[in-house]
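Peer 1: Now for the letters of each chain:
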Amino acid sequence: MANMTRQQAEDFLYAEAALLDGWELDEWLALLTDDAVYRVPSNDKPISDPKDTLFTIADDIHRIRARVTRLKDKNAHAEFPPSRTRRMISNVRILAQDAHAIKIEANFIVHRFRRNESVRQYVGQYRYVLRVERGGFRIAVREAIIDAMELGSLSSVSFIL
Amino acid sequence: MSELREQAWVINQPEAMHFAVNRATLVDPQVLEFERRRIFDTCWIYVGHESEVRAPGDFRTRTVCGRPLIFCRDSSNTVRVYLNTCRHRGAMVCREAEGNAKHFTCFYHGWTYDRDGALYGLPGQSAYPPNFNRADFALKEPPRVASYRGFVFLNFDAGAMPLDDYLAGAKEYIDLIIDQSPSGEMEVIPGAQEYDIRANWKLLVENSFDDYHLLSTHSTWLNYLKNSGVEMKRPEQGHMLPAHGVGKVLGNGHAVIDNVNFRGRPVARWIPIYGEAAKPEIERIRAELVARLGEARAARVADTNRNLVVFPNLVLNDGSSVTIRTFHPLAPDHMQVRACALGPKEESATARAVRLDSFLTFYGPGGFATPDDIEALEAVQTGVSSYREIPWSVMTRGMAKEGEQLNTDELHLREFWIQWDKLMRIPRGD
Chain A
0 MANMTRQQAE DFLYAEAALL DGWELDEWLA LLTDDAVYRV PSNDKPISDP KDTLFTIADD
60 IHRIRARVTR LKDKNAHAEF PPSRTRRMIS NVRILAQDAH AIKIEANFIV HRFRRNESVR
120 QYVGQYRYVL RVERGGFRIA VREAIIDAME LGSLSSVSFI L
Chain B
0 MSELREQAWV INQPEAMHFA VNRATLVDPQ VLEFERRRIF DTCWIYVGHE SEVRAPGDFR
60 TRTVCGRPLI FCRDSSNTVR VYLNTCRHRG AMVCREAEGN AKHFTCFYHG WTYDRDGALY
120 GLPGQSAYPP NFNRADFALK EPPRVASYRG FVFLNFDAGA MPLDDYLAGA KEYIDLIIDQ
180 SPSGEMEVIP GAQEYDIRAN WKLLVENSFD DYHLLSTHST WLNYLKNSGV EMKRPEQGHM
240 LPAHGVGKVL GNGHAVIDNV NFRGRPVARW IPIYGEAAKP EIERIRAELV ARLGEARAAR
300 VADTNRNLVV FPNLVLNDGS SVTIRTFHPL APDHMQVRAC ALGPKEESAT ARAVRLDSFL
360 TFYGPGGFAT PDDIEALEAV QTGVSSYREI PWSVMTRGMA KEGEQLNTDE LHLREFWIQW
420 DKLMRIPRGD
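Chains as they are written, first to last, in numbering that gives the first Met the number 0: chain A, 0 to 160; chain B, 0 to 429.
Mixed in with the good hints there might be a few duds.
[What the hints assert, rightly or not] If you anchor each label on the Cβ, the simulated ranges turn out as follows: (1) T104/B / E23/A: 28 to 34 Å; (2) D164/B / E26/A: 56 to 62 Å; (3) S89/A / E282/B: 49 to 55 Å; (4) N132/B / I46/A: 55 to 61 Å; (5) E282/B / I46/A: 30 to 36 Å; (6) I10/B / L28/A: 50 to 56 Å; (7) I417/B / D25/A: 45 to 51 Å; (8) S75/B / E9/A: 55 to 61 Å; (9) E140/B / D25/A: 56 to 62 Å; (10) E23/A / G274/B: 27 to 33 Å.
[To be verified] Here are a few chain A residues that face chain B, going by a calculated C-beta distance under 10 Å: (11) T4; (12) T52; (13) I56; (14) H76; (15) A77; (16) M148.
These are computed hints drawn from the structure, not numbers from a lab.
It should be emphasised that the depicted structure is a prediction, and the values quoted were computed from it without experimental measurement.
We put the beta carbon where it would ideally sit given N, CA and C, even for glycine.
Pulled out of the complex, with its shape left as it was, chain A reads as follows (with noise of 0.2 Å):
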């Protein structure tokens, strides 16, 4: 057992939320294992793998840098200048857990703030596996699933969500 508590879990997904809001996402890349995915799926196929389903992000670990790379350059239109986002995450639950990995879901609202539009609201579920590696938790898979029946007046994913 990796013995993770919700505690534990709770206070490393609000440190990573806190990285993210605060745009430190090379910080956040050090929360990450060597092989981590990121996803997010099409809100009309939420359960489903990105090898036959179109998904709207499916990046492994060398996309991910890539992404962090591109949203750290002025160029990326789309987040410069940065969007003000705010997340809340709750339902924190420990689904599953053994010697390495430890499966976790929560649900989320991030707020996304950006110029003087109305704010944009992503509601959703975290579908997280951490693995215990490098002498702490480490994230190995990190889905969010919009709820959202489609990305209605939500725009791009173009922030880390």
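With chain A fixed as given, assemble chain B onto it according to the hints.
Peer 2: Here is chain B on its own, set in the frame of chain A:
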């Protein structure tokens, strides 16, 4: 209406080498009302792809030109389009996004229609007068529905020209997409990207085949390709991009950019982003293309990438993947976009995975390029709020050239606007 006719929306003066678009066309609510009647209700509008409904009773609901529709297969497996409204008092008869139905029931008063649209269930029919005839109350279809190589279109104008004539030169480019499939059958892959953009719908038409913006808007995507080992040649003389590309007009407002590929294609040009493991598969696809089509046609299919606009609102991007993108205005400054991926029906699991992965490198609301396009369109929409002070946008790139027009010129954009202007000047009972 008279006001609209007197107002110049598009200035097209080839001799003076002048072309400009009035920015009010992006802002004015009255323009959108005329567009709905004079463009969206008179042109062939894309509904869906035949592969999205396969068996009798399969259906998808979607909104096209502001009308809720059921796109489905009837009892004889023919593709049908019904207006999704009960003939009684108007409620939608199908409220699910997709599925298979034996019948469509309006839950409000219980009227029930079969897959062929016939009204067969009617609670308490005896209360209707003797002149009530069920046959008069079948689900209504749009005046015209037709398909070309799997792409299904409707037309709300009963007198419209046949789809085949309408598509004109665009057919050649649709054929090039279909030729990727050994069986001649392409299918829509599950998973739709639906998103909105706070901008006028015509800005997405322009953006979808405007290669002039590639270097400045998408430098982070080009850097990603470069950092991933994709070879970028220096542009030839007079060009802006690493490969040669031209803009062409195809009739009835359709136009295309037709480019020598540098960015990799799941059919059938490998780039390092696809991974070493996928290399033999891409080579096998290439060999099949050559065996079936011959060297020249295979090279045409595999080594060029093309962004096709079928007037007014269908974009087929045959680039990093094949994208079907269609969009509808909700307001002058707001549109809804729907995009999905198209692939050969018999594609292997490896090739399918490469195709989808390649799609996401560029396209979609989480891609490395589309979000910056969305930002560009929204920046334009905000910027043109001062249309009274600065009424005109210039669109003259390439006008002084004899012969070939490049993908970074604006011939193809002008073609869209010329057709738009022509249709907007024909009253349609509005």
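Peer 1: Against each hint, give a clear statement of whether it holds in the structure.
Peer 2: We went through each hint and held it up to the structure:
no.: 1; hint: T104/B / E23/A: 28 to 34 Å; in the structure: violated (54 Å)
no.: 2; hint: D164/B / E26/A: 56 to 62 Å; in the structure: holds (60 Å)
no.: 3; hint: S89/A / E282/B: 49 to 55 Å; in the structure: holds (50 Å)
no.: 4; hint: N132/B / I46/A: 55 to 61 Å; in the structure: violated (46 Å)
no.: 5; hint: E282/B / I46/A: 30 to 36 Å; in the structure: holds (34 Å)
no.: 6; hint: I10/B / L28/A: 50 to 56 Å; in the structure: holds (51 Å)
no.: 7; hint: I417/B / D25/A: 45 to 51 Å; in the structure: holds (50 Å)
no.: 8; hint: S75/B / E9/A: 55 to 61 Å; in the structure: holds (57 Å)
no.: 9; hint: E140/B / D25/A: 56 to 62 Å; in the structure: holds (57 Å)
no.: 10; hint: E23/A / G274/B: 27 to 33 Å; in the structure: holds (30 Å)
no.: 11; hint: T4; in the structure: violated (33 Å)
no.: 12; hint: T52; in the structure: holds (4 Å)
no.: 13; hint: I56; in the structure: holds (4 Å)
no.: 14; hint: H76; in the structure: holds (4 Å)
no.: 15; hint: A77; in the structure: holds (4 Å)
no.: 16; hint: M148; in the structure: holds (7 Å)
Checked against the numbered hints above, the structure breaks hints 1, 4 and 11 and satisfies the rest.
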